[in-house]
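S.K.: Spelled out from the first residue to the last, the chains are:
4 protein chains.
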Amino acid sequence: MDYIKNAVKLRRELHQIPELGWGEFCTTAKILETIEPLGWKTFVGVEQIGLDAVMGRPEDFVEKSKKRALEEGVDPTLIERMHGYTGTIAELDTGRPGPVTALRFDIDCVGVEETDLKDHLPNKENFRSRHAGVMHSCGHDGHTAVGLTMAQWIVDHKDQLCGRIKLIFQPAEEGVRGGAAQAASGLLDDVNYLLGAHLAMMCPTGEVCVYPEGVLCTTKLDVRFKGRPAHPTMSPHLGRNALACACTCVSELLGMARHGKGLGCINVGMMQAGEGRNVIPVHAQVQLEVRGETAEINDFMVDQANRIVKGTALAYDVDYEVEKVGEAGELNNDPELASLVTEVAGSLPSCERVVQHKKLGCSEDFTMLATRVKAAGGKSEFFVVGADRTAAHHQREFDFDEKGLETAFGIFKGCVLKLNGI
Amino acid sequence: MDYIKNAVKLRRELHQIPELGWGEFCTTAKILETIEPLGWKTFVGVEQIGLDAVMGRPEDFVEKSKKRALEEGVDPTLIERMHGYTGTIAELDTGRPGPVTALRFDIDCVGVEETDLKDHLPNKENFRSRHAGVMHSCGHDGHTAVGLTMAQWIVDHKDQLCGRIKLIFQPAEEGVRGGAAQAASGLLDDVNYLLGAHLAMMCPTGEVCVYPEGVLCTTKLDVRFKGRPAHPTMSPHLGRNALACACTCVSELLGMARHGKGLGCINVGMMQAGEGRNVIPVHAQVQLEVRGETAEINDFMVDQANRIVKGTALAYDVDYEVEKVGEAGELNNDPELASLVTEVAGSLPSCERVVQHKKLGCSEDFTMLATRVKAAGGKSEFFVVGADRTAAHHQREFDFDEKGLETAFGIFKGCVLKLNGI
Amino acid sequence: MDYIKNAVKLRRELHQIPELGWGEFCTTAKILETIEPLGWKTFVGVEQIGLDAVMGRPEDFVEKSKKRALEEGVDPTLIERMHGYTGTIAELDTGRPGPVTALRFDIDCVGVEETDLKDHLPNKENFRSRHAGVMHSCGHDGHTAVGLTMAQWIVDHKDQLCGRIKLIFQPAEEGVRGGAAQAASGLLDDVNYLLGAHLAMMCPTGEVCVYPEGVLCTTKLDVRFKGRPAHPTMSPHLGRNALACACTCVSELLGMARHGKGLGCINVGMMQAGEGRNVIPVHAQVQLEVRGETAEINDFMVDQANRIVKGTALAYDVDYEVEKVGEAGELNNDPELASLVTEVAGSLPSCERVVQHKKLGCSEDFTMLATRVKAAGGKSEFFVVGADRTAAHHQREFDFDEKGLETAFGIFKGCVLKLNGI
Amino acid sequence: MDYIKNAVKLRRELHQIPELGWGEFCTTAKILETIEPLGWKTFVGVEQIGLDAVMGRPEDFVEKSKKRALEEGVDPTLIERMHGYTGTIAELDTGRPGPVTALRFDIDCVGVEETDLKDHLPNKENFRSRHAGVMHSCGHDGHTAVGLTMAQWIVDHKDQLCGRIKLIFQPAEEGVRGGAAQAASGLLDDVNYLLGAHLAMMCPTGEVCVYPEGVLCTTKLDVRFKGRPAHPTMSPHLGRNALACACTCVSELLGMARHGKGLGCINVGMMQAGEGRNVIPVHAQVQLEVRGETAEINDFMVDQANRIVKGTALAYDVDYEVEKVGEAGELNNDPELASLVTEVAGSLPSCERVVQHKKLGCSEDFTMLATRVKAAGGKSEFFVVGADRTAAHHQREFDFDEKGLETAFGIFKGCVLKLNGI
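As you go down the protein sequences, you meet chains A, B, C and D in turn. For reference, each letter of the first sequence is one residue, going 1 to 422 in full-length UniProt numbering. For reference, each letter of the second sequence is one residue, going 1 to 422 in full-length UniProt numbering. For reference, each letter of the third sequence is one residue, going 1 to 422 in full-length UniProt numbering. For reference, each letter of the fourth sequence is one residue, going 1 to 422 in full-length UniProt numbering.
Chain A extracted, bound-state conformation (with noise of 0.2 Å):
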């Protein structure tokens, strides 16, 4: 079988059926018709999911992404299956003793909608996104399309392979949520090496980065303000303002200190709030991140941020709740794991050089899942598989070198061998 024309070929599939976190139904469904018939033992809907970790899936989005699922025809069963929580974690157990090696794969997309450029190469080859408004603009269709060729490839050599191989593929990993989730589930608590990686980002065709930097540890926030109406003018005394209450603690979360051991940020990005222009705001709303370059940095802003708004809310008297809807802690590649994927990728003809540091500058949550590996003892590797792209990440008009699918697949076919070879 030629797994590298599979897996651009899968990758061309999963483009044109982008989905975001948590609305995964059509990829998932599609993940475990591949799979399973392989004899992959899967974990689907809260068998892989921590649900006290659960972050940023609101309900009616996830009703929605299911409604749609079934209207484009995915089988109802598998839909039932997920109890409404995408994403699967697949085990595969040689029988043979051995380490526990997973490999991480997300699935998600952004929300932006796909370019009409007639050269944008899913218009050219007629794969572009079928969903308005969203596309896989990130390369996640890539590394699910990775993922489920390492699937094929696992199967096919399982004879020359020892211990169990664990494939996770992560729902909503745009806005750093569903990665805590699976992680709180504990399957991976047995991982011994946990290995995952990114397509393109800083890196170009031919280059494998494998400590990448600035990858900042985050938080993301909403807060909401509940006080009480009144009429302005007859009645100011009776109301508790929502809005003057956000808007000062939008103040106070811009002037909170930074930390003196490294780079803090914090972003609030959207605001609502008020119901009329004469009526004293009742409802507020406020969706902000903050960022560390360690996870001390990180905690420190987010202690800030609740204390400013516990604060700001008793001194305007109004109610409040923050939720948390995303997190992503620090990148700690283990040393052995980056010699491996070092000496790995510089075996591969598709890989023209390895490099050790690079500057990502961005936030990952396989941070989550690696986090909690190395707490049961395991040790991990994010990688970045470099591939030469049209346009930045995120941006509609986005896509990727292919030839980075064949060096991804190559890492972590090789590591595999390695780790997991009788």
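Since the hints were made in silico from the structure, they are not lab data. Each statement offered as a hint is correct.
Identical copies carry no separate label here, and so any pair may be met within one copy or between two of them.
Derived DSSO-like pairs: lysine-lysine, alpha-carbon spacing no greater than 27 Å straight-line:
no.	residue 1	residue 2
1	Lys226	Lys261
2	Lys226	Lys310
3	Lys124	Lys30
4	Lys310	Lys324
5	Lys418	Lys5
6	Lys324	Lys64
7	Lys418	Lys379
8	Lys379	Lys413
9	Lys30	Lys9
10	Lys358	Lys261
Keep in mind that this is a model prediction, so the values were computed, not measured.
Given the coordinates of chain A, assemble chains B, C and D onto it according to the supplied hints.
M.R.: The following block gives chains B, C and D in isolation, referenced to the frame of chain A:
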């Protein structure tokens, strides 16, 4: 003809086709179809509007309203005559020398969904709103019905009258938007006497108030800030934060200096800002209103608001725009006309008592018309015609005692007889 | 004895020894030395003070004032009797049954340097302030002089009187601090009638006003925040920024909700914060006052202020302290007593006219005494005795027409005769 | 001559006469009295100062300092020569062609009271500060002593040298104020090599660091707002609230955008505002500093600060003034000179090790001189000479190991020999 029954019938017809301000195409058509056959000369569309003074009239909303009117079967030639501007001013010349008397009736509705309660009269008597989400819950259906009845009565009694009579069917009173535009048309500049009324409010059935108090000057402003997007971690220095600017602006607005001479209020009722959690926010929109016991105080508040917006925009290096979307002035009832209304009302069987001063506590853009009339040497009077109500104005359970229509009609009729009787 | 001449003489003596509130050691000594020989029973020091209700009395200022009094030759035994608390309440029992009438005179001065203008009467007549930086520029020298003259008159006419008379020489009226403390002594709880007056204000010579209006309730607060120092570049995360907290707090305070039922004001008059340019500020101090047309409104403002301080301190994780340093309440003049003053004043040759209502526009802690008297079943009246003035109160060029002393004395005398005459 | 002993002796003499920046009249006199007899040509007063670039020099402080110097017996003709401007630049021409080398020594002290601890060396050895409230707790006494010792050594070894040597005794380094002024004199424009050093800091005795890191650019700003007074209850509309403006300004300053390319900091360290509790505040003064990892970042912060002040003043309709009272730039050590210092230091018995990079973490206005030299084509090097210390710099218990003087002298001497040896 039984004018009172006619007024009730018209009120119920109008109640079924409520339209928000600047969207009263059905209502205006109904008015024109009623009074033009009677011989009233009508000013329609831009003929009765000073374009520079138009406030709070979103073009897309106007288009949608027009489309609905057409769908509901309103005569397209009428719609065309309106040129997008609702309301009308009608004139009848008795042919005899005499004063010019104008009667003003506001025609728009409120954006609330009418109640489903069975004993709500419009439900019981089957004349509830046929338009989803909007309702005549401020009594303007009654005002318009009285206006149309007066149109009939005046024509019927033309030979007993001298001078000229004008009927002003004003659009967009809610949000105090339409008055200034009709005033700026110049069509009131020859008016000697301007009369207007509101049903219900703080007066029960049988009561009339000729000096409503606490009518505040007000200005409604929409403020828009526009910044520049940037990645909040990678390049915050490239951003210009419109949300942060708006928040600081709101804090400054709420803390603006009050006036030593009397009541001045400010409310920031709504705010929307930002495009995404992890983007420096580019757009922010703030809706506010100021009020003042006098025009001087209101102007002081407006000046401060403008200065605060300008300064804050400068501090944050963002662009800004302040749009005045509503305005009302001082109510300066003329003692002579107030005496006239007192006398006329006192003689009506449906009126039990006339009170001089009673607190109304709101704003009215009748004042914009009155100010124009006064500037040209005329006099004005705005009175309240009592009517028991089932809920406060602007509530979905609002209904008023239709006996109020009789009193209102009686007063307008009586005054016209006194002012323009031969 | 010529009581009027005596009053003028005393006033000029007192004018030379102005003392700020809670530092009136010379003044109190002079009062005691004048009235004790006459047979008045005096309550001195803590005997006439409710310690829990003492406000705005800095210990170091008291010590300095005491020291100056001693240096100026004030009898040390008198100073000792005061135990650090100035003012006195004196009582005279006629021995005959009858009502208890109290007259209140405030004794402190203002912190302005007296003018050098040659035609300023105290300069011309050589009785200017001998204390640098302070001056009787509010007329309390006149009040005290009238009080001392009444002390003499009452003793001289004791055989025409019944019941008991109390003279309240109140410290620290400026900043509305001393009234509450004397009220809390309980010495007024048996008072049937309480009378007090202010010279000049909005009334010219010859006018008396018996219902001064616009006397606002007020509360004066000192707020102190305490944070934690840190190097702003090396370890900002270790700091707790009291200055930043205070600034946000001020913005919130100025924007607090107003009350729909009437005038409510807030002013933040002073702020001091920080220790050095390159240290995270540890200390911040804010001085503010709120006022309200009614006690309800004033309380509403105070509650908000307290809540805002508490919430903001929480948001910034700093310690805080709110100290009430002044308070005045509603002025509720009793109609019976107002009639009495009207009658008495009307009969005086020096009084040309008695006006009922006139706007005073300030706060008075006579109200604290009056509220206590009222709570115990008594009645009170505060009137203004007109006197032309050369400049506004609290200005360094202020002087008042001493003819006002005659009228004031005449009214107090006449009222005592009416209330306590046998 | 024993130069080391001489340096120690001088240091102890200087330690007793600490003077704050721009007030170093005694110190400057001592320098002139030491080096002028040796034959150095000196530039004094305005000869060595670019007046336009003078920052943070309050005239009244200068006068007071001058007066003290005279009282302490400093030669009045020297004081007169200074024309109010302390510091001096001295030049010695060897008469032989060669490069121009400048050595810079800062001479001012810090505003802390020296400790009373008995085992504090200046107490034990009887050379503690004779000036109340100020102390050489930053080691500049040592710097100046080394400078004076170099003056002697250079004269003693003039026949082994070529080119010209300049000694820059810089005033007002604390608060980074004096460097810019001396740079603007133009006296450094012909300098080929500029060397400067700091004692102690993060290096223990025996260590020398040639590339101190974390030297931040900084700008110190004093902001003054001026409003208009008014009675906060009677006529708040007439006021212009400088305190409110300052508070909003501070909130905006603390929340200003950071820079994506590196560390940028802001601290608002002090604020004073208002005249009284019941007056709309007229004056507000804010002291702040910004810092930046690079000049670009620092400029970005300064630009924002200026814009924020301007915009906020506009919003509150108050006047404002921004005064730059201190400034330091980037430290760009020249590799050639750094190598030279490494080599020279490495050869000294008192130097155990030379480290290349070590975090200093402060600002230095040596950078202002270095930037000027660089702009004219010269090179510069600033190094740290280790010395054990008894407490952190700027602490009242600070003292440094005088062995550092030996190393510092050794390096300057060695460099001069290398650069200007014949």
